[in-house]
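Colleague: One-letter residues, chain by chain:
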Amino acid sequence: MLDFLVLMGISLALFAIGIAGVATNKHFIIIMLSIELILVASMIAAVSYFSYLVSPGGTGIVLLISIWSVAAVEIITLVAFYVYMKHIGYDFDVTRLSKLKW
Amino acid sequence: MALPYIPIALAASIVASAAFVVASRRVLHAVAALALVFTESALIFLYLNQILLALLQLLVFVGGLSTYLIVAIAAEEHINKMENAPVFIALSVIFFVGASTLLTYLPATIPPQSNDIVSVAASVFQADYAFLYLAVLLLFAGAIGSTLVARRVVKLVT
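For the protein sequence lines, the chains are U and B, in the order given.
Take any residue in the first sequence, note its place counting from 1, add 1377, and you have its number in the working numbering.
Take any residue in the second sequence, note its place counting from 1, add 6, and you have its number in the working numbering.
The set of hints was computed from the structure by calculation and includes no laboratory data.
Note that beta-carbon positions come from the ideal geometry of N, C-alpha and C, so glycine has one too.
Just so you know, not all the hints are guaranteed correct.
Unchecked claim - Result set (SDA-like, lysine to any residue): computed pairs, CA atoms no more than 20 Å apart in a straight line: (1) Lys1463/U with Arg32/B; (2) Lys161/B with Gly1386/U; (3) Lys161/B with Thr1454/U; (4) Lys161/B with Val1471/U; (5) Lys161/B with Tyr1467/U; (6) Lys1463/U with Ile76/B; (7) Lys1463/U with Thr153/B; (8) Lys1463/U with Leu34/B; (9) Lys1403/U with Leu154/B; (10) Lys1403/U with Ala29/B; (11) Lys161/B with Tyr1461/U; (12) Lys1463/U with Ala25/B; (13) Lys1463/U with Phe26/B; (14) Lys161/B with Phe1405/U; (15) Lys1463/U with Arg157/B; (16) Lys1463/U with Ala78/B; (17) Lys1403/U with Leu34/B; (18) Lys1463/U with Lys161/B; (19) Lys161/B with Met1462/U; (20) Lys1463/U with Tyr74/B; (21) Lys1403/U with Gly104/B; (22) Lys1463/U with Thr73/B; (23) Lys161/B with Gly1466/U; (24) Lys161/B with Lys1403/U; (25) Lys1463/U with Leu154/B; (26) Lys161/B with Leu1416/U; (27) Lys1403/U with Arg31/B; (28) Lys1403/U with Tyr74/B; (29) Lys161/B with His1464/U; (30) Lys1403/U with Ala25/B; (31) Lys1403/U with Lys1463/U; (32) Lys1403/U with Leu16/B; (33) Lys1403/U with Ala105/B; (34) Lys1463/U with Arg31/B; (35) Lys161/B with Ala1457/U; (36) Lys1403/U with Arg32/B.
Said to hold, decoys possible - Cβ-to-Cβ under 8 Å is the rule here; a few derived chain B residues that face chain U: (37) Ala15; (38) Ala17; (39) Ile20; (40) Ile100.
The shape of chain U in the complex, shown without the other chains (with noise of 0.2 Å):
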């Protein structure tokens, strides 16, 4: 098995890596990949602690159900956005989506 220390040095990686996207890119659909990045480092984190340090088969499925779903509904809700944008011919500058308030 991985160790405990490598895991979280991934999941800390993935999140760090993560964030920096967010922060550095004005794309819409980079921003979502990486906020994406942002949940598989929870994935692997969320998995590990509950295998390593709450029981040894543990699995924590109920947390990883709830950010599972929250990441599935991203990517529907990215795909939904990026058709629709793309067709009306809209910038995909997060800078520029002012029309988005309401």
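For this one, chain U is given, so just place chain B on it according to the hints.
Modeller: Chain B alone, transformed into the frame defined by chain U:
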């Protein structure tokens, strides 16, 4: 039997794939790299002996949502010609051989399955699988809700 360098290679490749998602200039490449991140996270679950979680991760995220995302974005980008076909074929062969080799060294902890179709069907409707039905319901509600929200946003924008 587990090779000592595989966890290090797995950690390095998942971090590299995640960095490619953020640094990629084309959206389609970023989405493909994200699918690779999902696959490698499923491999990490396998290394933690969580067979069911790895299977769900592969089925839902790699097989379902990543394919959905790639198809949607590739259809909108209007690319008809295949770019760098030899590189794509070589990478596919390397990925297939590498994944097959990796799976050979994983611990074989899959319990023996029953061949009796009635007992398998009866076990599927037990409370142990309630979280699977909950996940399916949540995904379905999320899909419908996100489409409705997107339609509302488009009406506001246009």
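Colleague: All the hints need checking, so say for each whether the structure fits it.
Modeller: For each hint, the structure was consulted:
no., hint, result
1, Lys1463/U with Arg32/B, "15 Å, holds"
2, Lys161/B with Gly1386/U, "44 Å, violated"
3, Lys161/B with Thr1454/U, "16 Å, holds"
4, Lys161/B with Val1471/U, "18 Å, holds"
5, Lys161/B with Tyr1467/U, "13 Å, holds"
6, Lys1463/U with Ile76/B, "15 Å, holds"
7, Lys1463/U with Thr153/B, "15 Å, holds"
8, Lys1463/U with Leu34/B, "14 Å, holds"
9, Lys1403/U with Leu154/B, "25 Å, violated"
10, Lys1403/U with Ala29/B, "12 Å, holds"
11, Lys161/B with Tyr1461/U, "10 Å, holds"
12, Lys1463/U with Ala25/B, "26 Å, violated"
13, Lys1463/U with Phe26/B, "23 Å, violated"
14, Lys161/B with Phe1405/U, "19 Å, holds"
15, Lys1463/U with Arg157/B, "13 Å, holds"
16, Lys1463/U with Ala78/B, "11 Å, holds"
17, Lys1403/U with Leu34/B, "16 Å, holds"
18, Lys1463/U with Lys161/B, "14 Å, holds"
19, Lys161/B with Met1462/U, "11 Å, holds"
20, Lys1463/U with Tyr74/B, "16 Å, holds"
21, Lys1403/U with Gly104/B, "35 Å, violated"
22, Lys1463/U with Thr73/B, "19 Å, holds"
23, Lys161/B with Gly1466/U, "14 Å, holds"
24, Lys161/B with Lys1403/U, "23 Å, violated"
25, Lys1463/U with Leu154/B, "17 Å, holds"
26, Lys161/B with Leu1416/U, "30 Å, violated"
27, Lys1403/U with Arg31/B, "12 Å, holds"
28, Lys1403/U with Tyr74/B, "23 Å, violated"
29, Lys161/B with His1464/U, "13 Å, holds"
30, Lys1403/U with Ala25/B, "16 Å, holds"
31, Lys1403/U with Lys1463/U, "16 Å, holds"
32, Lys1403/U with Leu16/B, "30 Å, violated"
33, Lys1403/U with Ala105/B, "35 Å, violated"
34, Lys1463/U with Arg31/B, "17 Å, holds"
35, Lys161/B with Ala1457/U, "13 Å, holds"
36, Lys1403/U with Arg32/B, "13 Å, holds"
37, Ala15, "12 Å, violated"
38, Ala17, "5 Å, holds"
39, Ile20, "6 Å, holds"
40, Ile100, "22 Å, violated"
Going through the hint list in order, the structure does not satisfy hints 2, 9, 12, 13, 21, 24, 26, 28, 32, 33, 37 and 40.
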